[in-house]
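Q: Sequence:
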Amino acid sequence: MGFRLLPDHLNREDQQALLDLVMALAQEAPFTRYVMPRTGRPFSIDMTNAGSQGWIADRSGYRYSPVQPVTGRPWPAIPATLLDLWHTHTGYPHEPECCLINHYRGEGARLSLHRDEDEETFDAPILNISLGDTAVFRLGGPKRTDPTRSFPVTSGSIMIFAGPSRLFYHGVDRLRVGSSQLLPDGGRLNLTLRRVTRPTR
1 MGFRLLPDHL NREDQQALLD LVMALAQEAP FTRYVMPRTG RPFSIDMTNA
51 GSQGWIADRS GYRYSPVQPV TGRPWPAIPA TLLDLWHTHT GYPHEPECCL
101 INHYRGEGAR LSLHRDEDEE TFDAPILNIS LGDTAVFRLG GPKRTDPTRS
151 FPVTSGSIMI FAGPSRLFYH GVDRLRVGSS QLLPDGGRLN LTLRRVTRPT
201 R
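In full-length UniProt numbering, the protein residues as written are 1 to 201.
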C-alpha cells in the first residue's frame, strides 16, 4: 500500500461534526504558533494536538511532548470519531498516539517541503484529514531532490501515507482562500493522525 488520496470523502455533515470536535479540543489545548529551531522564525500556521503525544517545535528542536508547552497540561484525548477513521482507512492494528492539527489562514499560510521523521517507527501509516479551504498540496518522493507534483486537496478529503510513501516529502504551497465556507472565519484545518512510538506487542 502506498499513497492514497480520497477526494471529498467526508460529506458536509461529517465535516461539520469534525470541525466541532476540533474547536472543542482547542478550548483545552489552544492553538500555538511555534518557531523553527534553526532560525527562530515563526511558522505561518498555528498548531495544536490531541493524544498522548503532541508534536511541538521551538529553538530546541522538533519533538513530541506529552503536555501543551504553554499550559503545561496533557493534550486532550483523540476523539473516537477520529480513531474510527484511522482504523477504517489504515487497517493498522494499533491506535495513533498523536493527532496534530494545523490551522492555515490567509494567503501566506503554507508548509514547506518536508517529511514526517520525528517518530520512533515508520512502519505505521499516516492519515490526513482536510477541512475548509482547498490546499494546493505538493508531493515528492523519498529524497528532497526527487521530482514533485502538485494537486488540489479539498475539504473532506483524506490522504494516507503508507509503505514507501510514509517517508515521501510533501508540503502545502498555498490555500485557495475562500474556496470553502466550512470554517466560520475561513481557512483550512489539517488533522494528521500518527503513531509515535514502536508498539510493544
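Hints were generated in silico from the structure; no laboratory data involved.
Among these hints, one or two may not hold up.
[Unchecked claim] Pair ranges (Cβ atoms, derived):
#1 Y62 <-> T148: 39 to 49 Å
#2 P69 <-> R12: 17 to 27 Å
#3 P147 <-> G72: 42 to 52 Å
#4 P147 <-> A77: 33 to 43 Å
#5 P30 <-> G106: 17 to 27 Å
#6 R73 <-> S150: 37 to 47 Å
Built from N, CA and C at the ideal position, the CB exists for glycine as well.
Q: For a quick check of understanding: which of the numbered hints are violated here, in increasing order?
A: Hints 1 and 2 are the ones this structure does not satisfy, whereas the remaining hints hold.
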